[in-house]
Structures are given as structure tokens and as C-alpha cells.
Amino acid sequence: MKTLVVDNGGYSIKIGYADGECRTVPNAVFKSRTDRKRAYISDQLDELNERTGLFYSLPCERGYLVNWDIQRQIWEHLFTGYQPSETRIALSDPIYTVPAINDYSGEILFEDFGFSAVHKSAAPRWIGCAAAAVSSSNRLCLVVDSGYSFTHVVPLLDGQILQSGVLRIDVGGKVLTNLLKEWISYREINMREETYVVNECKEDCCYVSIDFDIDMKISRLKNETNTIRREYVLPDFRQNMRGFVRNPVREKDDLQKVSMNLERFSLPEVLFKPNDIGIDQLGIGEAVVESTKRIHEHLAPGLLQNIYVVGGSSLFPNFRQRLEREVRSGAPDLYGVGLASIPNPITHAWTSGAMLAKSDELPGGFMTRTEYLECGEDFMLEQRFLEFNDDPDYAEYLTNKLTKATSKSDDAFVQSTN
Amino acid sequence: MRSATRGQRDEKTRVVDASVRFMRQKRQRDALENDNFHEDPHANIVLQKNVPKFEEEDMPAVKRRKPSTPGAKTELGRRKKLESKLRFRRKFTALHEEYNQSKINDPEASIKGYQAYEEAAAPPSTVPPRKFCGVCGCFGGYTCIRCGTRFCSIECREVHNDTRCLKWTC
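Which chain is which? The protein sequence lines are A and B, in order. Using my numbering, the first residue of the first sequence is number 2, and each one after it goes up by one. Using my numbering, the first residue of the second sequence is number 17, and each one after it goes up by one.
Warning: the hint list may mix true and false statements.
Distance condition first, Cα-Cα at most 27 Å in a straight line; then the derived DSS-like pairs of lysine-lysine [said to hold, decoys possible]:
id: 1; chain 1: A; residue 1: K258; chain 2: A; residue 2: K218
id: 2; chain 1: B; residue 1: K147; chain 2: A; residue 2: K218
id: 3; chain 1: B; residue 1: K107; chain 2: B; residue 2: K119
id: 4; chain 1: A; residue 1: K223; chain 2: B; residue 2: K147
id: 5; chain 1: A; residue 1: K38; chain 2: A; residue 2: K3
Hints were generated in silico from the structure; no laboratory data involved. Quick caveat: nothing in here was measured; it's all calculated off a predicted structure.
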């Protein structure tokens, strides 16, 4: 029986058979002003040439699935190539089940699509379990997931989420795109309706500053001495379908462009200092340090040595260097800081999930159709809460694990000091 | 004729107080979570004019109808219809706040971990925020005395006074 792995993100779905290729498609329904006859579902966007003033209908809000009718529409479109009745599905869901948000995924997957078995767990768990399965030195890992809706810092031990250390920063790709839209619209031309174009502009132009103050000084210089200023030529959807970055030119031409100066680095800076724009929370670097402080002190060195940076917002140039630098300056000097190398941060959770599905090691296993028909959705919900509730069995289980991991990380500690 | 000049002078030197400034900041922050700035372009497409519109009847706030109308049965039916609609489409913050409100009223509720979402939010930073010019984005050394926005130079102040001060729109 084949397993379909679906990483259902706030902005893009990563989908594919566990032994096949991964497709990354938008998790949205687009409506265009020019074409009033149809809505473009997910990857049908490729058929639309003129992408100005796109209207987004997103199933997720703040990272949680709220608009189920839109999600069902998208799933219906994406699942057509697969045979649900002969397929198991592994679906990622948020780290926290918020009880106020009803979860209809079981109902929709079993009853509407007819999958034979369903597995649900948080994407960081897949990453943690896969890392632990690869090598025993990866039993402890810290996942920094900087996605579209928010940024999560999640410490894991043997693929179990350590609840006390989970931190959420309410800054993600969406906030950054909206902020850039706001800046460009106020300073240059009104692009408040051009979410799609501005998002591409953000991906092409922006970078994380290693030294913010120096970059700020450079950005105030004039003419050629300013090495930061660029021009972003907007797409006209005739010759060029996507905008491009170029150095400022003196000659006048007909191209429509936006000047990008300090916006280039002060935009991703919000991830590291959210309180600059009034979101009173820790930045990513500080949050990693805070997270390791909140859990057992013997686990901190192991976690800091094994940081997994995933998610689309971590693709800004210099992101990893800046994060390493901030964690290094905030963490105790005896501990080493190491970032695991990840080939593709966007699909990493999917790759981990697919690896686990192939070897049948998905945490918690699958819920079959008969189990669902007998116990219903609540069965799944109970399992989810077992992951981090405060009952004594779980506390004992964790303590056992802790002692095993402690002896290991003490060894590592001794080695690093020698 | 003499006229009172006090009101006019007040309008010019009106200072926005802290609570209004806070509300404005909050509105700005919430705007960053919007999916779209504009309205759904397909919302008001009329394919055939003869087709009656049913949506207006399903709207929750019906002002035309008096509350004392003896139509409790239809009221219930309407609410049921509305509920089935809302079941699939509601705002996250609205749902969450409503749930938390019900928790405050009922402390012995059974589901564990409902406060996990709040607990996971990152705490405030120990480093104070930096101040940026609201116009050009450089470090802003000065504060607008009326609305509290930062600016960095005389030019930026002029732009701010002309465009944004006291007429914040978004």
C-alpha cells in the first residue's frame, strides 16, 4: 500500500508519494480581476499569465486551518491523480491543537475522499523523528521553523516535543510581505493590491543584515558609494513574467521600477527584532536561547549543537549566519552552537515525513478506517494531547528518557571541554 | 461678531493620547495579518439579473425586522442555517477569544491544554525597541508631538505632517 505524504503549510502544500517526488504548490485559491469567469485553484495559477491584483483565498489563518471549504476544494483538485481508497495519507498539522478550532480533517479525509488510513502529526515531529532515526547523535534537536504564518522554536527529544520549550513568534512571511507592501505603497507607488508581485520582490531583493548599523550607514550614502541600493523592475506580464533586480541606472527608460534601499535588509530584520514594528516578542535568536533555558539544563548543550533551520522565510541570504551569531552571543560560552545543513528548507519536513513513511516509523502510526468508524475523531484528539499533557505517566516516561539523554550529553560535554 | 476661537486652536494643537496611540499601533499590527487589501473581485458578479439573491436573508444583523416580531420559529431556522454556514468559515481570533471567554466562565471544563497557544507565545524582549522614522525608515531621532510617530529630519517631518499625521487611514 502506498503512502501519500502531505505537508499542509499556510502558503504552500508539499505533496507526493513517499517513494516519489515532492511537488510544492500554493495552498490557495486565486481570483484575478482580468478573468472573471473562473477561480484558479492551487497549481492552476500556472495557466494565468496576468498576475496583477490577485485575490488570495487562503484556508489557513495564523497557521491554523479555519476555512475548510477552501481547503477541501484544493485537496479535491490535488488528490485527483492519486487513488485514495488504496492509499494511506500522512498529513502534517499544527504543533498545538487549539480546542477552539474544530478539526474536520479526519471527517473530510475518511468520508469525503475515502482514504484507507490517516496519520497526523506536527511537521517538526517528523523532522525530529527522522533526525533521530538517521543517527543516535541526533536524539536531541531544535527545530526553528520560520514559515508563512509564524515562526516556531521547537525542542525535541527522540522525536517527542518538549512542551515547555516551544515558543511561537508571530512573524512570518505573510507579515513581511504585508509590511513591504505598506512601505512601497507609502514611499513610492501604490502596490497594496499586488501581494503576489511584492512577495516575489521580497524573495528576490531582501537579505538579512549581519551588521545592521553599518548597513544603515551605507544605505544613507549617495550614488555609487551606496552598495545596497538596487532597482526592482516590476513585471509587465508581457515580456517578463517575473520582476528582476538590477543596479540603479542613470538613463531613463520606460520600465516601471521600485527603488529598494534600506528596505532590503530592514524587512527581514523584523524576524530578529519583532519589537521594532511593535510586536512585543523575542526575536528568533533570543527565542532559541530562551527555549533552551526553559527545559532541563542538561539538554541545552545537545539542543544547541543540533539546530534545524527550516521554512521558507529562512531562505533569505545570511539568515543562518545571523541566527548562529545571535545564538552564539546569547548562549553560555561552554556550549557549542551548530546548525545542521539542510538541502531544501521548504521541503525538509516533507522529506523527513517521506523517509519515516517508507520505513513505517511515523510517530503514533496510522489510524485506520475501521478505527475511525468505531471511535471517531475524538480518538485522534486524545492521542494528540497525550504528547504533552501533564499526567504522571508521561512525566515518568520523560524522566526516564532524560536520564538516558543526560548521560549522553554529559559525554559530549566532556569531549568538547577536553 | 466675535466668535469663540478656543475650539479652532484646540483642533490645531490637538495631541493624541496614549490609549489612542496604542489603538492605532494595534490596528497597524492587525493589518499585517490581512490576506488581501482589496475586495473579492468575484463577489458581486451577477450572471443573470432574474436570479433572486438569497444571501441578504442569511445575514446575521437584520435591522429591518423588529425584535418583538412573533416569528420565533423562523428566527430559529435562520440561526440554524447560519450556524451550518459558520461551521466551516470563521475567523481564527474570533473563535479563539470566544473559546477563552467560555473558559473563564466555566473553570472546571475538561479539555486539557487549551491555554497552550497562549503559553507558547514568545515573551517580550529584554532589549528595548529601536526607533525608526515613519517616513523613510532611517533611525528616527525625533517624535511628532501630536501623534507620536518618529521622524528623522525636517523633510520627513513635513512629509509626515502633510500625509499621515492625525489622518491615519490604514
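Now the hints, each set against the structure:
1. For the hint linking K258(A) to K218(A), the alpha-carbon distance of about 24 Å falls within 27 Å, and the restraint holds.
2. A hinted pair counts as satisfied when its Cα atoms are at most 27 Å apart, and K147(B) with K218(A) qualifies at roughly 15 Å.
3. At most 27 Å may separate the alpha-carbon atoms for a hinted pair to count; K107(B) and K119(B) meet this at roughly 19 Å.
4. With a C-alpha separation of about 23 Å, the suggested pair K223(A) and K147(B) falls inside the 27 Å cut-off, and the hint holds.
5. Straight-line distance between C-alpha atoms of K38(A) and K3(A) comes to about 37 Å, which puts the hinted pair past the 27 Å bound.
The structure shown violates just one earlier hint, number 5.
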